[in-house]
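As given, the protein sequences belong to chains A and B, one line each in that order. For the first sequence, our numbering assigns the number 9 to the initial residue and increments by one for each residue that follows. For the second sequence, our numbering assigns the number 14 to the initial residue and increments by one for each residue that follows.
Don't read these hints as lab results, they were simulated from the structure. Treat the hints with caution; some may be incorrect.
Stated by the list, open to error - Pairs of lysine-lysine residues, derived as DSBU-like cross-links and limited to a Cα-Cα distance of at most 30 Å, are as follows:
1) B:422 <-> A:179
2) B:355 <-> B:301
3) A:158 <-> B:324
4) B:308 <-> B:323
5) A:158 <-> B:304
6) B:323 <-> A:158
7) A:179 <-> B:301
8) A:179 <-> B:355
9) B:323 <-> A:166
10) A:179 <-> B:245
11) B:308 <-> B:223
12) B:261 <-> B:217
13) B:152 <-> B:244
14) B:245 <-> B:308
15) A:166 <-> B:245
16) B:323 <-> B:304
17) A:166 <-> B:152
18) B:152 <-> B:261
19) B:152 <-> A:179
20) B:301 <-> B:324
21) B:152 <-> A:158
22) A:158 <-> B:422
23) B:223 <-> B:244
24) A:166 <-> B:217
Note that this is a predicted model, so its numbers are computed, not measured.
Below, each chain spelled out in residue letters.
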Amino acid sequence: MKKGNVFFKIGFVVLMIGLLMIAPACSKKAKVDTSDQYPQAQGPSEEELARRAQMEREQEALRLKQAALQQFENEDVYFNFDDSTLTPEAIEVLNQKAAWLRENSDATVTVEGHCDERGTNEYNIALGERRAQSIVSFLVNAGISSSQLKAVSYGEEKPAVMGNDESAWAKNRRGHFVVN
Amino acid sequence: MQNKKFNILVVIWFALAASVFLMPQYCQAEYDYVKISDPFLNKIPVAIPEFVGQTNNSTEADVGVKVSDLTGETLAFTGYFKMIDRGAFLEDLRTKGITASQITFANWTAIGTELLITGGITIEGDLLMVEFRLFDTYKGELIFGKRYKGRLDDQRLIVHRFCSEMMYRLTGKRGLFESNIAFVSTTTGSKEVFISEFDGYGAKQVTQSKSLTLFPAWSPDGSAIAYTSYKKGQPDIYIKRLNDQSEKRISFSGINITPVWVPGSSLMAATLSFEGDQEIYLLTEGGKIDKRLTKSWNIDVHPSFSPDGKKMAFVSKRFGNPQVFVQDLDSGSVRRLTYEGKYNTQPNWSPAGDRIAFSGMEGGRSDIFAINVDGGGLTRLTYGAGSNESASWSPDGSMIAFCSNRLGKSRIFVMTASGTDQRVLLELPGEQTSPAWSLAVNNN
């Protein structure tokens, strides 16, 4: 794209020279380009470099923002069996969630509460809701506006991983974040 | 539809009229043949010879075989009877006749028969008449006889009417053969509510929510099903009328789950969390809050009511782990029902009122238990075969439906109230969970 721009510029300048030769008294615009030295063998202009750097900075920022969003959505908060209280590890993760929510104060987020497959659906929907509620109250206490947060429980209906051993169960007893 | 209704009326009318002719000496129900509360169930041996054509119509013999076979299958479904192989029979009623005076009862007791069912078939055009007689072979007596008339394709209906009457004579309870079972199935890819007849026959999908749909419950008259669905993002309660498919939504903020009707009233109960905490509420038919029933800072969920509607069993985490409690609705007093184990949920109150079934979990697997309402008589009904959940009593209290993954995929199973005769009710694509047995309804 940038290369194309350069060639375009060169072509444009050549055309201008031609026009100048044909109609010397013609236009004010011609002035703009007559002073140029057409450094054909040299790299892009400083202006162009600045523009590229700016773009790279923007892309990097976007990439970081995307990474932060991905981490926000992918990193779950885990719970003990039949328990909706926040563990120290959960609180550590939730502090990062709070930081993200502060930086993205226009984002609204659904906090999903999930359970492992053990036990029964009805009770697990109640338990999953208490997990989501624990997370929401922690975040609100950390200064996040409750209007940014919505809790929903899926009980044992949407496991993150399949399997019926403790390692699978541990991954399924979770609070999950979805940015709306 | 109109024809069908007419047929039912004909069947009932003939049954009533015929009973006058066929069984004058037995007006009292006999209750001591089948004890559904007996944990050491001995199946009653029943002989059902092929039903006999009563005219020269040649199709009567074929229909006689079909109707007598269906009668045997229907009775065997209960788990309380075993059918004696016809190869063992010593006399042929097609030549001897089907009435008491024509039967040599010693020929039947000799092969162990305790109950003998004879049948006569009359077909005129599209009309079918079946006369049933139930004999006590040891007493050599007619217990009852009835004649049913309908169309040729009403065979299931006719057999169910007879079996229903027979169970009533033998147990004092009715309803099993007029009931339906609702359940959740993933046949279409998402969880939807389905219903079938009591024996798994005629399964059909009743919700099209294309999202998670859970916890079906029947209205007492069987005309509506309440359930929970996520089709608008959060778990809301829907009440669907089966005749016109109309739906009403009950949606408070938070969860809206485990709807049930309260027996003997127009109220429903459900678990809601709009006040922040998961509690059980009474709701009016219009979906308004009538009253909050539970008060604890922790989870209260899953109400199930005594048949008189005066007491509620429910699950509470108030003492740290989920246990079943019983609350008296008038006084509000609450007592803990389950003490064994650390995880007892899904209470389901029997229609007889004396027992409560529930799911007890240990080591990640659930089993079905039943316990007396006073906390005694704890009985384990499933053992070491997959995870077994969601017990639901048949309307006569003789059977329990539940779901189990013992064969891999989760299926609906049935068993007797004492835990015998556990078998798959029906197989559909996908997995089936959450059975809910209706009260008796005339769904034919």
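**Message:** Check the hint pairing residue 152 of chain B with residue 244 of chain B against an upper bound of 30 Å on the C-alpha distance.
**Reply:** Given that 30 Å is the threshold and the Cα spacing comes to 60 Å, the pair is violated.
**Request:** Given the hint that residue 323 of chain B pairs with residue 166 of chain A, test it: the Cα-Cα distance must not exceed 30 Å.
**Result:** Status violated; Cα separation ~36 Å.
**Message:** Given the hinted pair residue 158 of chain A and residue 324 of chain B, is their Cα-Cα distance within 30 Å?
**Reply:** Roughly 35 Å between the alpha carbons, so the hint for residue 158 of chain A and residue 324 of chain B is violated.
**Request:** Assess, step by step, whether the Cα of residue 152 of chain B is no farther than 30 Å from the Cα of residue 179 of chain A, and give holds or violated.
**Result:** violated, 65 Å
**Message:** Does residue 422 of chain B sit within 30 Å of residue 158 of chain A, going by the straight-line distance between their CA atoms?
**Reply:** Roughly 34 Å between the alpha carbons, so the hint for residue 158 of chain A and residue 422 of chain B is violated.
**Message:** Tell me if the straight-line CA distance from residue 223 of chain B to residue 244 of chain B falls inside 30 Å.
**Reply:** Holds: residue 223 of chain B and residue 244 of chain B sit about 7 Å apart, inside 30 Å.
**Item:** residue 179 of chain A paired with residue 245 of chain B [C-alpha distance capped at 30 Å]
**Value:** holds, 27 Å
**Request:** With a cut-off of 30 Å on the C-alpha distance, tell me whether residue 179 of chain A and residue 301 of chain B pass.
**Result:** Judged against 30 Å, a Cα distance of about 38 Å means the pair is violated.
**Request:** Sort out whether residue 304 of chain B lies within 30 Å of residue 158 of chain A, counting only the CA atoms.
**Result:** holds, 26 Å
**Restraint check for residue 301 of chain B with residue 324 of chain B, where alpha carbons must lie at most 30 Å apart** = Measuring from Cα to Cα gives roughly 21 Å; hence the hint holds.
**Prompt:** Does residue 245 of chain B pair with residue 308 of chain B here, judged by a C-alpha cut-off of 30 Å?
**Reply:** holds, 29 Å
**Item:** Straight-line alpha-carbon gap residue 166 of chain A to residue 152 of chain B, limit 30 Å
**Value:** violated, 60 Å
The earlier numbered hints that this structure contradicts are 2, 3, 6, 7, 9, 11, 13, 17, 18, 19, 21, 22.
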